[in-house]
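Trainee: Protein sequence lines correspond, in order, to chains A and B. Numbering follows my numbering, in which position 48 of the first sequence is assigned residue number 48; successive positions increment by one, without gaps. Numbering follows my numbering, in which position 478 of the second sequence is assigned residue number 478; successive positions increment by one, without gaps.
Treat the hints with care, as some may be off.
As the list claims (entries may be wrong) - Only pairs whose alpha carbons sit at most 27 Å apart, straight line, appear in this in silico DSS-like list of lysine-lysine:
1) B/K653 to A/K47
2) B/K20 to B/K62
3) A/K47 to B/K334
4) B/K398 to A/K47
5) A/K47 to B/K662
6) B/K308 to B/K20
7) B/K205 to B/K181
8) A/K47 to B/K88
9) B/K181 to B/K391
What the hints contain is simulated information worked out from the structure, not anything from laboratory work. Just so you know, these numbers come straight off a predicted model, no measurement behind them.
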Amino acid sequence: MNEMVDVGSGLVAIGAGVAIGLAGLGAGMAEKDIGAAAVGAIAENPKNFGRSLVMTVIPETIVIFGLVIAFLLMGKI
Amino acid sequence: MLLPEKMCRILIVGSKDRLKDTTEVLYSLSLVHPIDYLEGDEGLSIGTPFAEASEVSSRLLKLRAIEKDLDIGEGASAPPMAVPEVQKRLDEELTGLEAQVTSITESKNQLSSRQAALENEKSLLMPLTTIPLDLELYSGYETLTVFTGVVREDPQALAPLGDVEVFKSTEGQFVAVFVTKEKAAEAQRILVSNGFTEVVVPKGKGSPAELIKSIESEEASISKELEEAKEKAARLRKDNLGLILASDEQLSIEVEKAEFPLRIASTKNAFVIDAWVPLKQEAKVKTALQSKLSESVHFEVLEVKNRKEMHVEDTEHDHDIAEDTTPVKMSERKPLSMFNGFTELISTPKYSEVDPTAIIAITFPIFFGLMVGDVAYGVMFAVLGFIGLRKVRSDDWKTISTMLFFGGIWATFFGLFMFGEGFGMHFATHGTDITWSSLLGIDFPHAINLGGISIPLGVFSKLDNVNTLLYISVWIGVFHLFLGFGLGLFNISMRVGVKHAIMEKFGWVLILLGMALLLPVVVANVNNILAMDFGSMAVLAPLGILIVGLVISLIGEGPLSILELPSLLSNILSYTRLTAIGTSKAGLALAFNQIALVMLAPMGGAGIVFGIVIFMVGHLTVFMLAIISAGIHGIRLHYVELFQKFYLGGGTKFNPLRIVRKHTSER
Numbered sequence: 001m002n003e004m005v006d007v008g009s010g011l012v013a014i015g016a017g018v019a020i021g022l023a024g025l026g027a028g029m030a031e032k033d034i035g036a037a038a039v040g041a042i043a044e045n046p047k048n049f050g051r052s053l054v055m056t057v058i059p060e061t062i063v064i065f066g067l068v069i070a071f072l073l074m075g076k077i
Numbered sequence: 001m002l003l004p005e006k007m008c009r010i011l012i013v014g015s016k017d018r019l020k021d022t023t024e025v026l027y028s029l030s031l032v033h034p035i036d037y038l039e040g041d042e043g044l045s046i047g048t049p050f051a052e053a054s055e056v057s058s059r060l061l062k063l064r065a066i067e068k069d070l071d072i073g074e075g076a077s078a079p080p081m082a083v084p085e086v087q088k089r090l091d092e093e094l095t096g097l098e099a100q101v102t103s104i105t106e107s108k109n110q111l112s113s114r115q116a117a118l119e120n121e122k123s124l125l126m127p128l129t130t131i132p133l134d135l136e137l138y139s140g141y142e143t144l145t146v147f148t149g150v151v152r153e154d155p156q157a158l159a160p161l162g163d164v165e166v167f168k169s170t171e172g173q174f175v176a177v178f179v180t181k182e183k184a185a186e187a188q189r190i191l192v193s194n195g196f197t198e199v200v201v202p203k204g205k206g207s208p209a210e211l212i213k214s215i216e217s218e219e220a221s222i223s224k225e226l227e228e229a230k231e232k233a234a235r236l237r238k239d240n241l242g243l244i245l246a247s248d249e250q251l252s253i254e255v256e257k258a259e260f261p262l263r264i265a266s267t268k269n270a271f272v273i274d275a276w277v278p279l280k281q282e283a284k285v286k287t288a289l290q291s292k293l294s295e296s297v298h299f300e301v302l303e304v305k306n307r308k309e310m311h312v313e314d315t316e317h318d319h320d321i322a323e324d325t326t327p328v329k330m331s332e333r334k335p336l337s338m339f340n341g342f343t344e345l346i347s348t349p350k351y352s353e354v355d356p357t358a359i360i361a362i363t364f365p366i367f368f369g370l371m372v373g374d375v376a377y378g379v380m381f382a383v384l385g386f387i388g389l390r391k392v393r394s395d396d397w398k399t400i401s402t403m404l405f406f407g408g409i410w411a412t413f414f415g416l417f418m419f420g421e422g423f424g425m426h427f428a429t430h431g432t433d434i435t436w437s438s439l440l441g442i443d444f445p446h447a448i449n450l451g452g453i454s455i456p457l458g459v460f461s462k463l464d465n466v467n468t469l470l471y472i473s474v475w476i477g478v479f480h481l482f483l484g485f486g487l488g489l490f491n492i493s494m495r496v497g498v499k500h501a502i503m504e505k506f507g508w509v510l511i512l513l514g515m516a517l518l519l520p521v522v523v524a525n526v527n528n529i530l531a532m533d534f535g536s537m538a539v540l541a542p543l544g545i546l547i548v549g550l551v552i553s554l555i556g557e558g559p560l561s562i563l564e565l566p567s568l569l570s571n572i573l574s575y576t577r578l579t580a581i582g583t584s585k586a587g588l589a590l591a592f593n594q595i596a597l598v599m600l601a602p603m604g605g606a607g608i609v610f611g612i613v614i615f616m617v618g619h620l621t622v623f624m625l626a627i628i629s630a631g632i633h634g635i636r637l638h639y640v641e642l643f644q645k646f647y648l649g650g651g652t653k654f655n656p657l658r659i660v661r662k663h664t665s666e667r
């Protein structure tokens, strides 16, 4: 990106950033409660680790969606 | 291999005087999973422990007390000891050892409490050392009252009172006030107004400083004695560690065996053992019992457990009773069994379903390898895993080592042929990027020729071919999910019947097929979905399949299945993390390489040193992150996306009567 890029490309790049950033934020908000509950469950019985892990990572897919959208947007520049 | 081993239920009946021998035989076989008897029917009752149980238990209790005193925990280890030797030494030495340990512990306790008392005395005397008065001078007056204590401010108002003498410590905090009895009340009021807190003067004679000196010398001798006692305990621990560990194990085994009758049913003169045995080994159990106990016990196979569920059409109540508790014996063959831990992490499989360990063993390391995709990291992971597999003892770490070892091998494979990179740098020239070719000045080829076949060394670049890699990972997801639905179809048809399986799962297979067939069309038009030719066969045919599938699901599972559609889509897209994580790792590695090799190293001198440090720290970070992200995301794809399609879990683990010896040996 040595020469000046046009405004449209810049906006697309910002959009890509916003897509992944907000997706990450959303996933984090969703995961925080599950994570706290999961730690509690594991503290009570370590055997719950596997199931807790599964529950905790369920919202993580949202970030992946954000990432895919970001890549698709970046492809347009 | 995919299904848990077939089980049969056996019944062993005999007279009580044969129970002990029977127990020995069953323990030596390690094949019999007893069904714990719950009291309540047919005039049977729970058995009573063998006579030696109480004595062995009390010895074990003593031994455990010794272990606690000598600080012998879980992790302690010593070379194993032969059983006869353990028994002999246990008889001879346990009492003596106990006496020794008790006396050491007692003297240790006494010394510690004396030490605490001295410390307390010392802290009382400490403030008095600042005032040049002997202890006996603080008390025993008829006309004087003495106040000793700490003040916040210097009580200067005392001086005008007359008939008063004030001693102050050098910093003015501690005061001793001698005042006539008549003026005591007034003096106290002044003191209190200056923030006085009383300090009690201990009884005794002589100067406080000298008293403290003598206390300190006593303390020194006590701490020396304590050290000696500790040393003695340590010596005792070292000398007897092997014996203690071996005895603990031996006694635990004896207690377990002696209490075995508590798990079975018995009458006044007979016992009944109800148990599960792997079908293949049933004959072995029978022969062993007959050869060792001749015909004195009765052995019978009650049923060979079918995988079909008990009839569901009966009432709900009956269905509850049919709750499957058949134990599940997971494969014990390596390398498959090394992955058992991953399945156990969720739950033991049911008897009537496919054990998913084999799938995990195949696809999990591949996913791990794809996400890492780097020769250097791959080799490091494989080596680390190999060392782990040889050294670590705990099951959890073994499972992690398994992941690292096999994942590392695949990572090396993908890193070499698919991505052609090590430490985030391509081998062959790649545009103007920094590569191993440009770094070392050797021109690495893009492909090697082996016997006329060209083997590529790096087809894709993680950072440049993102869209292609995303597309590939979506297809991996589609196939993985097909596998999941296929297993679901198989499980249900085995458990309930083919018709049920088709209603429940086949619809979803068709929906997934429709989505998969639509995928290339959608991807080809990804920049402008609306411009797609909706009338063409390429769109209509997959849509048709999808709708047929949806109709089957609607009939089979009801209207809720429409809500499941988006989650299937998100399941497929979830596999794009295979690429996303690889790409993010490559981005991180690239950043560190740029800083270390392009910015710092050419500066020379300190730049090279800093460059090396950044390079090492940076790649260590990426390496550690790779364990967490590739490991967790790889296994997550199995637990969340794949298992949901077929896995129930909640089975009972096969846990036969057996003896595991770590600190003792049979011979």
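Trainee: Now, for every hint given, state plainly whether the structure supports it.
Mentor: Right, here's what the structure says about each hint:
no.: 1; hint: B/K653 to A/K47; verdict: 14 Å, holds
no.: 2; hint: B/K20 to B/K62; verdict: 25 Å, holds
no.: 3; hint: A/K47 to B/K334; verdict: 24 Å, holds
no.: 4; hint: B/K398 to A/K47; verdict: 17 Å, holds
no.: 5; hint: A/K47 to B/K662; verdict: 24 Å, holds
no.: 6; hint: B/K308 to B/K20; verdict: 37 Å, violated
no.: 7; hint: B/K205 to B/K181; verdict: 24 Å, holds
no.: 8; hint: A/K47 to B/K88; verdict: 40 Å, violated
no.: 9; hint: B/K181 to B/K391; verdict: 79 Å, violated
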